[in-house]
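Residues per chain are reported as follows:
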Amino acid sequence: MTVAVACAAEADTRAVGRRLASLLRAGDVVLLSGELGAGKTVFASGVAEGLGVETPVVSPSFVLVRRYEGLMTLVHADLYRVGSSGEIEDLDLASDAADGVLVVEWGDVSEQSFGEDHLMVRITQDDEGVRTVALEPHGSWRSRPLGEVAP
Amino acid sequence: MTDAPAVLGIETSCDETAVAVVRGYRVLSNVLASQVDAHARFGGVVPEVAARAHVEAIRALTHRALAEAGMHQMDLDAIAATRGPGLAGALMVGFSYGKALAWALDTPFLGIDHMEGHLFAPRLDDPEYGPPAIVLLASGGHSQIVHLKDWGEYETLGSTIDDAAGEAFDKLARFLGLGYPGGPAIDRESEGGDPDAVRFPRALPDRPFDFSFSGLKTSVVTYVRKHHAAGTLPPIPDLAASIQEAIADVLVAKTFNAVEETGVRALAGGGGVLANRRLRARLAEEADRRGVALHLPSVAMCTDNGAMVAAAGVYRLGLGERTAPSADIDSSLRLG
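In order, the protein sequence lines correspond to chains V and H.
To get this note's numbering, take the position in the first sequence, counting from 1, and add 38.
To get this note's numbering, take the position in the second sequence, counting from 1, and add 128.
If we strip away everything but chain V, and leave its shape as in the complex, we get:
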């Protein structure tokens, strides 16, 4: 079942990502959804922190994929500039991240490309800029203790 966390500040969004990291296993796929400026890269950077990645996480929008080494490899991808599911297949992200965790910004544009087993993270914001980070489990994610990501 979906777990939603209210995040008033950027640090809160980052903290949800950081706590999610402790639930991650090799081969996991996390898809991020949210409008421009919602905080997808901030969330991904929290995941990286939680995985012990020491280099700063910067947006992969243009380079499409960035790899980071931590407790596990983090493959941080972004479909912002990628148009078709054919191109997504060409990128072959899943095998790139087989031994680590794959986090995909704008992953909702092609959810079906990543198989049933994934976590969908939807970040929305209200008029005051308060974000809601909703974690929506699919496949094996349904049996994981997602409630642990709440503060």
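Keep in mind that the hints are not guaranteed to be accurate.
As the list claims (entries may be wrong) - Here are the in silico distance ranges between beta carbons for each label pair:
| hint | chain 1 | residue 1 | chain 2 | residue 2 | range |
| --- | --- | --- | --- | --- | --- |
| 1 | V | Ala47 | H | Ala357 | 22 to 30 Å |
| 2 | V | Ala47 | H | Asp456 | 37 to 45 Å |
| 3 | H | Asp456 | V | Ala132 | 35 to 43 Å |
| 4 | H | Ser426 | V | Ala47 | 39 to 47 Å |
| 5 | H | Gly448 | V | Gly153 | 45 to 53 Å |
What the hints assert, rightly or not - Not the full set, but computed from the structure, chain H residues with beta-carbon under 10 Å of chain V:
| hint | residue |
| --- | --- |
| 6 | Arg180 |
| 7 | Leu215 |
| 8 | Gly268 |
| 9 | Ala292 |
| 10 | Lys299 |
| 11 | Arg353 |
| 12 | Lys354 |
| 13 | Asp366 |
| 14 | Arg408 |
| 15 | Ser459 |
| 16 | Ser460 |
Claimed, not checked - Calculated from the model, a selection of chain V residues having no Cβ within reach of chain H, i.e. all distances over 10 Å:
| hint | residue |
| --- | --- |
| 17 | Ala42 |
| 18 | Ala44 |
| 19 | Gly75 |
| 20 | Gly90 |
| 21 | Leu109 |
| 22 | Leu129 |
| 23 | Phe152 |
| 24 | Gly167 |
| 25 | Glu186 |
Hints listed in this document are in silico derivations from the structure and should not be mistaken for laboratory results.
In this text, a Cβ means the ideal position worked out from N, Cα and C, and glycines have one as well.
Got chain V sorted already, so can you dock chain H onto it with the hints?
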């Protein structure tokens, strides 16, 4: 100059397939797949990301670069190709092609750091340019300030902590419906606009040479939504000019921090963002005011190209370097 080595340069680190022939630091030819097949590549907002696109283009482009240079491949003194950073699949195409061609021709092969290529690009337009210099490298994928201490000796003084400058241009242009690519769209739309119409925040992180553009993005999105709903949105040229000014202000301020801090009196640039006319004008104005020599390359030498890779190859060849046939790409290569 005919005794200077002729080097073929191949660049396939991201979207663009590019091949050039350079003799010494003189460009004999410089061809891009996007020029050849403009319709397929710019028909939509979707760049070709697949390695396949590079595979399809590279052989014909190489032949074209040689033909335009008036050379036969047997006349090449070396072949240089981008080794990283970039997309692994894309890099692999140019790097493998370059290695194979060099092997077939029994000529030296050199794997080149893409960012070092950008550092050499201004040299192709301007023989006066050289170390020591401060170089602002800003594109969709990168934003950094490099201290060029000597050829081969580079120190990255600062870089973006979130989004690259070109990414801010592109995402905001798309958000405003101005089209793709975003940098040229904002440059164009801002003509006649008032850069002081909206005072968007200038994020200046504590570290004196680092950039941050994520806050600007969020601030513009929030501002536009609010004022659009209220029917008080300023005209697009004012918005575009205000966004451009915010980005240029930060790039200029941080760059000249580096100039002052190091005491280096020469400034250069590279990357697609350096094609922005307002940024170029602001850098020129500030350099002039401070008596700093400015070496901004032409727009064609700012964006990704094969000539810059070839130029770095000329330098590396002169050092007697060779990249072994067993060498591999390095998608996360970092400059100094």
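Going through the hints against the structure:
no.: 1; hint: Ala47(V) with Ala357(H): 22 to 30 Å; result: 24 Å, holds
no.: 2; hint: Ala47(V) with Asp456(H): 37 to 45 Å; result: 43 Å, holds
no.: 3; hint: Asp456(H) with Ala132(V): 35 to 43 Å; result: 22 Å, violated
no.: 4; hint: Ser426(H) with Ala47(V): 39 to 47 Å; result: 44 Å, holds
no.: 5; hint: Gly448(H) with Gly153(V): 45 to 53 Å; result: 50 Å, holds
no.: 6; hint: Arg180; result: 7 Å, holds
no.: 7; hint: Leu215; result: 6 Å, holds
no.: 8; hint: Gly268; result: 4 Å, holds
no.: 9; hint: Ala292; result: 6 Å, holds
no.: 10; hint: Lys299; result: 6 Å, holds
no.: 11; hint: Arg353; result: 8 Å, holds
no.: 12; hint: Lys354; result: 8 Å, holds
no.: 13; hint: Asp366; result: 20 Å, violated
no.: 14; hint: Arg408; result: 21 Å, violated
no.: 15; hint: Ser459; result: 7 Å, holds
no.: 16; hint: Ser460; result: 6 Å, holds
no.: 17; hint: Ala42; result: 21 Å, holds
no.: 18; hint: Ala44; result: 18 Å, holds
no.: 19; hint: Gly75; result: 4 Å, violated
no.: 20; hint: Gly90; result: 17 Å, holds
no.: 21; hint: Leu109; result: 18 Å, holds
no.: 22; hint: Leu129; result: 6 Å, violated
no.: 23; hint: Phe152; result: 17 Å, holds
no.: 24; hint: Gly167; result: 7 Å, violated
no.: 25; hint: Glu186; result: 27 Å, holds
Of the numbered hints listed earlier, those contradicted by the structure are 3, 13, 14, 19, 22, 24.
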